[in-house]
Amino acid sequence: MSTNRDHLYHSFQVVFNTWYNSLCNYADSFLKDESACEDIVQEVFMRVWKDRPDLIETEGIRYYLFTAVRNNCITKLRREKKGGRVEWEDDAVDYIPDKENSPTDYMALVQTAIEGLPPRCREVFLLSRISNMTYKEIAASLDISVKTVENQLSKALRMIRAFLKDKGVYLAWALVNFFL
Amino acid sequence: MSFLYKPPFMMEDNEHIRLIAKHLSRSASPDEEAALRQWLDADPDHPIELEAMKKLWETSGIIFNGRRFDEKAAWKKIDPRQKASPDIYASPATFRRRWTKTLAAASVLLVIGAGWWYYHGSRNPPLQHVLADGDVRQLTLPDGSMVWLRKGAELQYPPTFDSRSREVELSGEAFFAPAPDVFRPFRIHTSHVTIEDIGTSFLVKDRGTDGEVVVATGKVKLTANEDLSHPLILSPGQKATITKNKLSFSGMGTPNFISWKTGLLDFRQAPLDQVARDINDHFKVSVSIAPDLRSEAGNIKVTARFDHQPLEQVLEELRLATGLQTTQEKDTLFFVRK
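Protein chains in written order, with this note's numbering: chain W, 18 to 197; chain H, 131 to 468.
So that you can see chain W by itself, here it is in the shape it has in the complex (with noise of 0.2 Å):
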């Protein structure tokens, strides 16, 4: 027969098994060391289990891991004097890829795409798209404001879009899934 703490430990397993690899990509995004990535991941869900497992069946679980990991990684980064990144840089100037060698794929090409965005432009982009979190929950985990959130996810898809129109790719894809 179920008790509470059955049904607790299942719903942790679960949210484990939703969130692990996200988390680990979003940790890699910042320390480039996949064996740093899964200890700082696999910390803050122990620290879940022991001392906030009130929010593991909420739908505040999200916002906090994923907020847990950004803040100890760029603990670790400081704590190293790795420089890496943690403040917001500035704009850098945008880079154009190389037409000529250029890969086809559509995947391949939204990757360059990616690599293409300026750097906050990037990372917001990147916690939406890894974490699924609304404008609200990313403003908050990354101390910014809604507007920027905002003006940062239109700025994305702006240029990524203008990427792949340019590559002749961006509507292809489209027209054949309509019509399927």
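Read the hints as simulated data drawn from the structure, not as lab findings.
The model shown is predicted, which means the values in this text are computed figures rather than measured ones.
Incorrect hints may appear among the rest.
Stated by the list, open to error - Result set (BS3-like, lysine-lysine): computed pairs, CA atoms no more than 30 Å apart in a straight line:
1) H/Lys369 <-> H/Lys281
2) H/Lys185 <-> W/Lys93
3) W/Lys184 <-> H/Lys185
4) H/Lys206 <-> H/Lys185
5) W/Lys153 <-> H/Lys185
6) W/Lys49 <-> H/Lys202
Unchecked claim - One-sided excerpt, in silico: chain H residues whose CB lies under 7 Å from chain W:
7) Ile147
8) Ser155
9) Arg156
10) Ser157
11) Pro160
12) Asn195
13) Lys207
14) Gly274
15) Val415
16) Gly453
Idealized CB from N, CA, C, for every residue including glycine.
Start from chain W and add chain H according to the hints.
Just chain H now, with coordinates in the frame of chain W:
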């Protein structure tokens, strides 16, 4: 804060991108959702543009989640119920200090529990099986999809979904809000019917021999398990009933089809027979209309809203609103004339 509506043909090229981004992030206000719908209807090219944006959005998600980490191995390290060892909490140093104290105290309990978990955990990961024994049980599935199970409902799903589709099995009643995933359709198997998500949120009732599906948002495709040739596609508000493997479209569901999840009963000029049905369903009681009142029941309209209120309060307000009485006969409550 009011939203300045611009007629679609005057919408700036970038405005639709702003709206689509908000929509895909579930962060658009009702005004913005409406503006987006207007934009979609304004030109046949616009839905195609939305599809292209969605594809871009989904693909970016896949790219950012590029590395595969070994969740199974990681779970073994952090599973709170396995036999503990200090090595698990090895680094960093502060970690070790915090955890070994807790471990010493908990080790007795863990040993008792560990034997059972070790035995079960050493097989292939079994299907997760959830039975809702409380009024409503909320779950998050491995892909982030949300499910609300009503009391008595059971759901089975794998610890991680397949790369080509996401399949779950349901008996009883549940409300689904599947996470969008263009590459992997979300399918719910019930005893007679398979429900495939094309849109966003919907209710499924499986009672063994028959059932119902009502769509809240988006679109859903239904296929009878024993007759794949006539799938049915439902839009928001629409309801289908399933009787002995036959699917039939049964018009619009009532707005109260998920009152068990929201706690809200909302009646707007609702005929009395529908009110009785919704109360039956929500409170799980037997409420009916006296025989001599039945022919008129369709003409008695009720407008009222109940937010997490107990049955007695709801009945009292209905008595006042309709001018009728209620009497109890055996275990059924009847609406009767005064």
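Status of the hints after comparison with the structure:
1. H/Lys369 <-> H/Lys281: This hinted pair holds, its Cα atoms lying about 21 Å apart.
2. H/Lys185 <-> W/Lys93: At roughly 35 Å apart (the allowed maximum being 30 Å), W/Lys93 and H/Lys185 break the hint.
3. W/Lys184 <-> H/Lys185: holds, 16 Å
4. H/Lys206 <-> H/Lys185: Violated, at about 35 Å.
5. W/Lys153 <-> H/Lys185: holds, 24 Å
6. W/Lys49 <-> H/Lys202: The hint holds at about 22 Å.
7. Ile147: holds, 5 Å
8. Ser155: holds, 6 Å
9. Arg156: Since chain W brings a Cβ to about 5 Å from H/Arg156, closer than 7 Å, the hint holds.
10. Ser157: Hint on H/Ser157: holds, closest Cβ of chain W at ~4 Å, below 7 Å.
11. Pro160: Hint violated; H/Pro160 Cβ to chain W Cβ min 15 Å, cut 7 Å.
12. Asn195: holds, 5 Å
13. Lys207: holds, 6 Å
14. Gly274: Hint holds; H/Gly274 Cβ to chain W Cβ min 6 Å, cut 7 Å.
15. Val415: Result: violated, 27 Å to nearest chain W Cβ.
16. Gly453: Violated - the Cβ of H/Gly453 stays beyond 7 Å from chain W, reaching only about 43 Å at its closest.
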